[in-house]
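Sequence order for the protein chains is H and F. Counting along the first sequence from 1, when you hit position 120 you're at 120 in full-length UniProt numbering, and nothing is skipped either side. Counting along the second sequence from 1, when you hit position 198 you're at 198 in full-length UniProt numbering, and nothing is skipped either side.
Warning: the hint list may mix true and false statements.
Said to hold, decoys possible - Simulated restraints on C-beta separations:
| id | chain 1 | residue 1 | chain 2 | residue 2 | range |
| --- | --- | --- | --- | --- | --- |
| 1 | F | S143 | H | E108 | 53 to 59 Å |
| 2 | F | P117 | H | E259 | 28 to 34 Å |
| 3 | H | R13 | F | G173 | 41 to 47 Å |
| 4 | H | D63 | F | R114 | 54 to 60 Å |
| 5 | F | G173 | H | E108 | 36 to 42 Å |
| 6 | F | G173 | H | V96 | 29 to 35 Å |
| 7 | F | P42 | H | L250 | 50 to 56 Å |
| 8 | H | L41 | F | E144 | 51 to 57 Å |
| 9 | H | G260 | F | Q178 | 25 to 31 Å |
| 10 | H | I255 | F | R252 | 28 to 34 Å |
| 11 | H | V96 | F | P42 | 36 to 42 Å |
Claimed, not checked - What the simulated footprint calls covered on chain F by chain H, stretch by stretch (three residues with Cβ under 8 Å from a Cβ of chain H suffice, anywhere in the stretch; the number is not a length):
| id | region |
| --- | --- |
| 12 | 84-90 |
| 13 | 95-107 |
Said to hold, decoys possible - In silico contact screen, one side only, chain H against chain F (beta carbon under 10 Å); selected entries:
| id | residue |
| --- | --- |
| 14 | W125 |
| 15 | L158 |
| 16 | M167 |
| 17 | G170 |
| 18 | A174 |
| 19 | A249 |
| 20 | G252 |
| 21 | V256 |
If you are wondering where the hints come from, they were derived from the structure by calculation, not from laboratory data. Ideal Cβ positions, reconstructed from N, Cα and C, are used throughout, including at glycine.
Here is what each chain is made of, one letter per residue.
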Amino acid sequence: MSTDEATARRRYRILAVLSPLTLLGAWAFVTAQGLATPTILPSPLAVLASLTDMVGHGYSGVDLATHVLASLRRVGIAFCGGALLGTAIGLLRGRVPEIDALFLVPSELVRPIPPLGLIPLFILWFGIGETSKILLIFLSVFLIAMVNAQAGARACSLDALRAARSMGAGRWQAFRFVVLPSALPQIMTGLRVAMGTALTILVAAELLGGDRGLGFLILDASSFFRTTYVFAGIVLVGLIGLASDRAIALLGRRIVHWEGKR
Amino acid sequence: MTDSLTEAPPAGRIAIAGAGIRLGEGAAAFEVVRDIDLAIPPRQFVCLLGPSGCGKSTLLGALAGHLGLARGSLSLDGQPVAGPHPERGIVFQQHTLLPWRRVLDNVAFGPKMRGVPRAERLDRARDFLALVGLADFADRYPSELSGGMQQRVEIARVLINQPRVLLMDEPFGALDAQTRLMMQELLLDIWTRLPTTVVFVTHDIDEALFLGDRVLVMSARPGRILEDIPLAFPRPRGRDLVTDPDFVALKRRCLDLLRPRDGRPPLPRLTPLGLPLAGAA
Chain H
1 MSTDEATARR
11 RYRILAVLSP
21 LTLLGAWAFV
31 TAQGLATPTI
41 LPSPLAVLAS
51 LTDMVGHGYS
61 GVDLATHVLA
71 SLRRVGIAFC
81 GGALLGTAIG
91 LLRGRVPEID
101 ALFLVPSELV
111 RPIPPLGLIP
121 LFILWFGIGE
131 TSKILLIFLS
141 VFLIAMVNAQ
151 AGARACSLDA
161 LRAARSMGAG
171 RWQAFRFVVL
181 PSALPQIMTG
191 LRVAMGTALT
201 ILVAAELLGG
211 DRGLGFLILD
221 ASSFFRTTYV
231 FAGIVLVGLI
241 GLASDRAIAL
251 LGRRIVHWEG
261 KR
Chain F
1 MTDSLTEAPP
11 AGRIAIAGAG
21 IRLGEGAAAF
31 EVVRDIDLAI
41 PPRQFVCLLG
51 PSGCGKSTLL
61 GALAGHLGLA
71 RGSLSLDGQP
81 VAGPHPERGI
91 VFQQHTLLPW
101 RRVLDNVAFG
111 PKMRGVPRAE
121 RLDRARDFLA
131 LVGLADFADR
141 YPSELSGGMQ
151 QRVEIARVLI
161 NQPRVLLMDE
171 PFGALDAQTR
181 LMMQELLLDI
191 WTRLPTTVVF
201 VTHDIDEALF
211 LGDRVLVMSA
221 RPGRILEDIP
231 LAFPRPRGRD
241 LVTDPDFVAL
251 KRRCLDLLRP
261 RDGRPPLPRL
271 TPLGLPLAGA
281 A
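The shape of chain H in the complex, shown without the other chains (with noise of 0.2 Å):
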């Protein structure tokens, strides 16, 4: 690596670092200089001997642990489920017409509907359950999934087929070969937009009903004007989210290692 790109590097990180700390740094000056009321906007210390006294005592009588497993499990049965299928289907509208004739009106009907105003529907047919939620998070990655595989599975150029047909690959070869790894960079990049939304969408569907998970706890607390629990739950999701991210993409990285390089 050359000295330039060890101090762009070097640079990327202090920014990112930076960032986060004076964002921070502005949030506490500000209620430290009582420019808010406590109850809108607590400190920064305030909002982190909250989140000490859950992982201490818990919440609402409810371990901590227990509030993010909660959460954690359906987001993760969501986004798996939603991922594969959406990314499989998706694979296959972008080589197969028929297919893709199969799926266009009703996926683009359901697309632009915010799945929060399905929120009232899917209690009506699933019940206030893990059912309703999961299923609300499940159609949201599924559909992000699904056209970001698609428009992958276009990525791939015609000579690119039609050579690998000329050195003797069939067409399932071809798919697997050719057109799935041409995807990669594009279902990769759909995966992170997913993750993001799903963690959206379960806060929401977590204020179904219950009394497990993060979005549980935020709206809990909110209704009790615990404005610091709120804030602690707010950067626990934040949390995941930012680790969730770093994940897929440091992932993304790992598998698609050609990316940017042609």
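Go by the hints and put chain F onto chain H.
Showing chain F alone in chain H's frame:
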């Protein structure tokens, strides 16, 4: 080097009779090539020379089995061409190497598709990489190679399938002039060592005359074969050939043939936006 390079494929005789190819659908369909009659004996190096849009690549696509004929017939060693097959390998202007695979695995792609065991196919891939002079680059990724090297890998990954026919669609068109000359000599060198018929599409007259046993000059669309020029220049051929009086005479003949005929103006030059360029008639 093992003898995997020299196992002789059966032959490589191409016969085209009354072939016509149409592209597009319904009212928008048009005839790209018309009335092509052609017999190419095994091991011949044939260059298809023509202006852009004359259908020479389309004809090559039909030989590869990627496009169907509207009329006529097309066969290799008496077998009608139906769909792509490793016995008819094709090299495009832009390489189609898989960027996620090492050079060696790219070369071994064809044998892998046909179920050749890993150790065996990698051994053979090494032989063919050596043939194109890239034995030291087996573990690199395609993006780490220059354009000329990428195209050499592409040639190796087609030849490893021991094609009876090597189809080349302006394979050196995207390379710089120096590299192109080097690749032409490399190709001739390889071809003398492999029993393969070559159909080489180009719009570069020098390239066609330097490489071929025979040059087929094609007309503008709908493409027909205007003239079938045998080239008797002895092999191995050196760069001096291009200043040989016979070579220059043939080049002049090709230039004449490629000049627009019947007083028809040339097609307008297009700008990147697709509009005719003012004053470029």
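Checked hints:
1. For S143 of chain F paired with E108 of chain H, a C-beta distance near 37 Å fails the hint of 53 to 59 Å.
2. Judged by the Cβ atoms, the range 28 to 34 Å given for P117 of chain F and E259 of chain H holds: they are separated by roughly 31 Å.
3. Between R13 of chain H and G173 of chain F the beta carbon distance is about 44 Å. The supplied range of 41 to 47 Å therefore holds.
4. In this structure, D63 of chain H and R114 of chain F meet the distance hint of 54 to 60 Å, their C-beta atoms being roughly 58 Å apart.
5. Range check, G173 of chain F to E108 of chain H: Cβ separation about 41 Å, and the 36 to 42 Å hint holds.
6. A beta carbon spacing of about 33 Å between G173 of chain F and V96 of chain H agrees with the range 29 to 35 Å that was offered as a hint.
7. A hinted range of 50 to 56 Å for the beta carbons of P42 of chain F and L250 of chain H is consistent with their spacing of about 54 Å.
8. The hinted window of 51 to 57 Å between L41 of chain H and E144 of chain F holds, with their beta carbons roughly 53 Å apart.
9. The hinted window of 25 to 31 Å between G260 of chain H and Q178 of chain F holds, with their beta carbons roughly 28 Å apart.
10. As the Cβ distance of I255 of chain H to R252 of chain F is approximately 56 Å, the hint placing it in 28 to 34 Å is violated.
11. In this structure the hint that V96 of chain H and P42 of chain F lie 36 to 42 Å apart at CB holds, the actual value being about 39 Å.
12. For a cut-off of 8 Å, the count of residues in the region 84-90 of chain F with a CB near a CB of chain H stands at 6, and the three-residue condition holds.
13. Under a criterion of three residues with beta carbons nearer than 8 Å to beta carbons of chain H, the stated coverage of the region 95-107 of chain F is upheld, 4 such residues being counted.
14. About 43 Å separates the beta-carbon of W125 of chain H from the nearest beta-carbon of chain F, more than 10 Å, and the hint is not met.
15. Annotation: L158 of chain H was flagged as interfacial toward chain F, and the flag holds, the nearest CB pair being 9 Å apart, inside 10 Å.
16. Proximity of M167 of chain H to chain F holds as hinted, the smallest CB-CB distance being about 4 Å (cut-off 10 Å).
17. A hinted interface residue such as G170 of chain H counts as satisfied when its beta carbon comes closer than 10 Å to some beta carbon of chain F; here the least separation is about 7 Å, so the hint holds.
18. Interface restraint check for A174 of chain H: the shortest CB-CB distance to chain F comes to about 9 Å, inside 10 Å, so the restraint holds.
19. Restraint check, A249 of chain H versus chain F: the minimum CB separation of about 18 Å is more than 10 Å; hint violated.
20. Against a cut-off of 10 Å between C-beta atoms, the interface hint on G252 of chain H is violated, since the closest Cβ of chain F lies about 13 Å away.
21. A least Cβ separation of about 8 Å between V256 of chain H and chain F falls short of the 10 Å threshold, and the interface hint therefore holds.
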